[in-house]
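Asker: The lines below spell out each chain.
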Amino acid sequence: MTRPTTIDDILKLIEFELAQQSLPQDNISEAIQRLHKLQTYWHAEMLHKGRAPKMEEFANALFNANQTTLMLLQAINNSLEALKLESKKLKLLIEKGILEDEEENTSGSRELAYIKESLNILSQNLSRIRTLYSLEIQMRHSNLPIIGKFINRFRAAFHQLVYFYLNNYIQSQNIVNEQYKSLLQDMIVVNSSYVDKLQGLILALQKITEHYSSNEEQS
Amino acid sequence: MSLKFSIVINTIDRVQSLIKLLKVLEHQNYQDFEVIVVVGPTSDNTVDALREYEGRIRLIRCPTANLSMSRNLGLRAAAGDIVAYIDDDAVPSRNWLAQLNYIFATDPNIAATGGSVYLIHPFQPMIQHSLGVFSVSGKQYDVRNGLLDHLPIEGQGEFWTMRMMGTNMAYRREVLLSIGGFDELYEWVYDDSEVALRLSAAGFLVRPVRETRVYHVPASSRNRKVYTFLVKWWINTKAATYLSILYWLRLKSDFKSAKNYIQFISGSHIKLYINLYKEKNISLSYLIKSILNELIALSTGFYKALRTNIFFSTVFKSINSEARSFQGFTQESSHLQPAIDPISGNQANIQLIEPPLRIALLSYNYPPKIYDGVGRHTHMLAKGLFALGHTVHVLTHGEQPTIRYYDGAYVHYVPYELKRYASLRHLPSVHHRLNYSHAVHECLLRLVLNDDIQIVDTPLWLVDGFVTAVSKTLPVVVRPATANKQISELLNQKNQDQLLLGEIERQLLLRANVIAANSKATKQVLRDVYNIDDKQLIVEVIPHGIEPVSQEQIRPFPYHAPPEKLTVLYVGRLEKRKGIQDLFAAIPQVVQRVPNVEFIIAGADNSIHDGFQSQTGMDYFTFFSRNYPECLSKVRFLGGVSEEQLSSLYQNCDLFVAPSLYESFGLIYLEAMNYAKPVIGCRAGGVPEVVDDGVTGYLVGPNSPKQLAEAIVTLLKSPRLLYEYGLAGRQRLLDHFTHIHMARMFERAYRLALSQTQSKLRS
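Going line by line, the protein sequences match chains A and B.
Going left to right, the first sequence walks through residues 36 to 254 as my numbering numbers them.
Going left to right, the second sequence walks through residues 59 to 821 as my numbering numbers them.
FYI, nobody ran anything at the bench for these hints, they're computed from the structure.
All values derive from a computational prediction rather than experimental measurement.
Errors might be hidden in some of the hints.
Taking lysine-lysine pairs in the BS3-like style, the calculated list, with each CA pair at most 25 angstroms apart, reads [said to hold, decoys possible]:
1) B/Lys530 <-> B/Lys477
2) B/Lys310 <-> A/Lys47
3) B/Lys818 <-> B/Lys593
4) B/Lys530 <-> B/Lys581
5) B/Lys317 <-> B/Lys290
6) B/Lys329 <-> B/Lys310
7) A/Lys47 <-> B/Lys317
8) A/Lys47 <-> B/Lys477
9) B/Lys692 <-> B/Lys593
Start from the sequences, fold in the hints, and give me the full structure.
Answerer: Dropping the structure here:
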């Protein structure tokens, strides 16, 4: 933290920002970039030399970040469903027997159902965070000015109370973050399996097209 | 896959704009297109003017002034796979068709698309349209900040669709024909949006995009007087009423929503008329006529909707199928056409041998807003490059991401927020510079996409192009002048922020494809201050140039009838580096020997930043008035002055003095020489390369007030020298230092940088 910034640090930061930009420009990547910006901003606020944020601002930022992440996950979930539909469409185009439809369909639905369930749990956790946050506000409203030596005593007690709730708050956030992480990992697995399936379907479709076109030429 | 495009231009009485558009179409990067011009009942020489394009365009006549009908006639005549519409008072970006082709070719599901429209307005440039959405009750919005910000729109209970603006929209021809083209009951507005509604309702995908730009340079027409509020707004009301009521009847949608929208449109028009009348912009009779027209428009719109709902399913008379033949527009010489001014239609009158370049110049500030030396240099360079036929885009700082056209260049305003590099916030200069540079880089990427920019030219000062240079997206030419590291060393500044900024400058120089130093002195500085090995890098010396004023504007010294009072002018910030203290010390000596002299000092006080205030506790004016009170009546301090004032000051002075301790070049001397004024400067930096000692003025040693006073007195006492040195200075400028000289040398540097990049790519 105390090491002075060098030109190499700056060059690395630029490379990192440029890498963020190279993501495809769709809604999902836009949401990812927003999250990234929010994250770097608050990281700097909390740990570097920025102005000290108020508890209220910090809680708001965290809540917004969670909300955006949730929206992002919903968007990813929607695109997974779209992928599933695409694969169904392709299957209709391909003659029966090339793929084992039944098994794959059920496993896909199961995976999507799992994702939906996880999203619900996340929503519940988010509302829990909100409740904790409201507790903090009530405490702040009770902070009446008291003159003399009581002020210090009161302040100490007050801070301890804040730390207590803050700890609670951060622990809950950690749980949510863990869930985000595992859910995203699962989604990536599901997504890549769909991509594999689609690639397989496209190859099969190509073979059939070639087969038909060669038949037509012969006839 | 390469699709065939039919560009349809609908026009009435705007021949100048139309010809300008046709000239710009020669520059399209995508060649496979035909042009169909549908001319309404015109009263100007449109048809005659189009004879020049015979065999290259197809001319169709539309009997009535009805835009939808005109669009349908164009659609009927189109032979391309895609029909692209553009207004006659707009010009497309160079990659307009190339991008449309990419969109249609990569996604066969897309039936219609279109991009952003930038209003090139002299007072209020703005993004006129970007990613629009439209509802059956006629409501429309632009989704400028991304769809994520506007997610709830779908949930409002109305049928919404994406829409394009009429001046930038493209359709698959067969799809548009299948829905019957445009509804000809819309005479002027809403036709574009309504087509999007019908396409969506028929199950086709309408997907506008953010880029694929068109620049709209609004011209007056029979329906509006440009740059005023004098528009036949009632046509708008009629169309809005027709649309809202028709869709309410057909879809049985919410009547309240339709009614509210009509009330809003009509009510806001009437309020506008009343305001215009109150501000005395329109007469009482015009006000009454406008309100009556509004009421008539309401009833006509309502009647049309009822009639259409009862009697017709669609009302399109101009659509039928007929044999079409595709006729290409571009010719062999198209790629050698010089750039076009989209406002005046002016074009450099030169025959090009090589295709013109597409250049992005960076400058944190730029005219017509307030600008500094870098802004002035960039302005002259842009003007010179345009005169040589090149397309120039200038990226400068602004509050809104708008575009205007100024003096030969598209000026793109780049706003920036401090949303990146948050961990560098403890280094404010570096933090700001990087965030701005990143915003510039993003703007450049969009320019590459839309206008096919080939090269970036950045000043070293404020390192605008640093992120682009690191990204290696485009070849970069760097213009070093007096930069931060040099100033830091001169002023002995050692804070980490300034030191890192100096390092960033060095890294930018190392990443440049070509460095264009403005003088040999600057080239030496690159070695001494930045430790740059100019044998490893390409360093060209390109002196500054300025636009010569006309012969009538120059004022050589009237040596046959010398004036009673002699005026000596100083222009520059009041700071140590500019030698202001030496001038102060020289003034009493001059006043003593030439009593009829007056000194004019034009420039803002910079005593806080150069450390003078911290040393002496006063600014320069106070310093002068305390130390030389006897000379106060002979010196006028003007502070910062405007461009017009500055020209007048140069014109009316007899001698120009600027004893700078260091100037990388010395543009101010050129500006005085432009008006045939003799100049005095110091033998420092690039000044000796501009001022010819003993021919166009005198050079004295830096920090030598005595020598300075002597030189001033010598010249003021010799009217003949004032006259001869002045004229010689003007001639030296015409021979070596015009903006055209400079632009030619920069053109060579750009071509060198491009060839260097290409050879690197090949290897």
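Asker: Do the alpha carbons of lysine 530 of chain B and lysine 581 of chain B lie within 25 angstroms of each other, as the hint requires?
Answerer: holds, 24 angstroms
Asker: Verify the proposed pairing of lysine 329 of chain B with lysine 310 of chain B, using a straight-line Cα cut of 25 angstroms.
Answerer: Violated. Lysine 329 of chain B to lysine 310 of chain B sits at ~31 angstroms, over the 25 angstroms cutoff.
Asker: Are lysine 530 of chain B and lysine 477 of chain B close enough, with their CA atoms no more than 25 angstroms apart?
Answerer: Since the Cα atoms of lysine 530 of chain B and lysine 477 of chain B sit roughly 23 angstroms apart, the hinted pair holds (cutoff 25 angstroms).
Asker: Between lysine 310 of chain B and lysine 47 of chain A, does the CA-CA distance stay at or below 25 angstroms?
Answerer: violated, 59 angstroms
Asker: Check the hint pairing lysine 317 of chain B with lysine 290 of chain B against an upper bound of 25 angstroms on the C-alpha distance.
Answerer: holds, 21 angstroms
Asker: Could you grab the alpha-carbon distance between lysine 47 of chain A and lysine 317 of chain B and see if it respects the 25 angstroms cut-off?
Answerer: violated, 58 angstroms
Asker: So if I understand the rule, the pair passes when the alpha-carbon distance is 25 angstroms or less; does lysine 47 of chain A with lysine 477 of chain B pass?
Answerer: Distance of about 17 angstroms is within 25 angstroms: holds.
Asker: Does lysine 593 of chain B lie within 25 angstroms of lysine 818 of chain B when you go C-alpha to C-alpha?
Answerer: holds, 18 angstroms
Asker: Assess, step by step, whether the Cα of lysine 692 of chain B is no farther than 25 angstroms from the Cα of lysine 593 of chain B, and give holds or violated.
Answerer: violated, 51 angstroms
Violated hints, in rising order: 2, 6, 7 and 9; the structure is consistent with all others.
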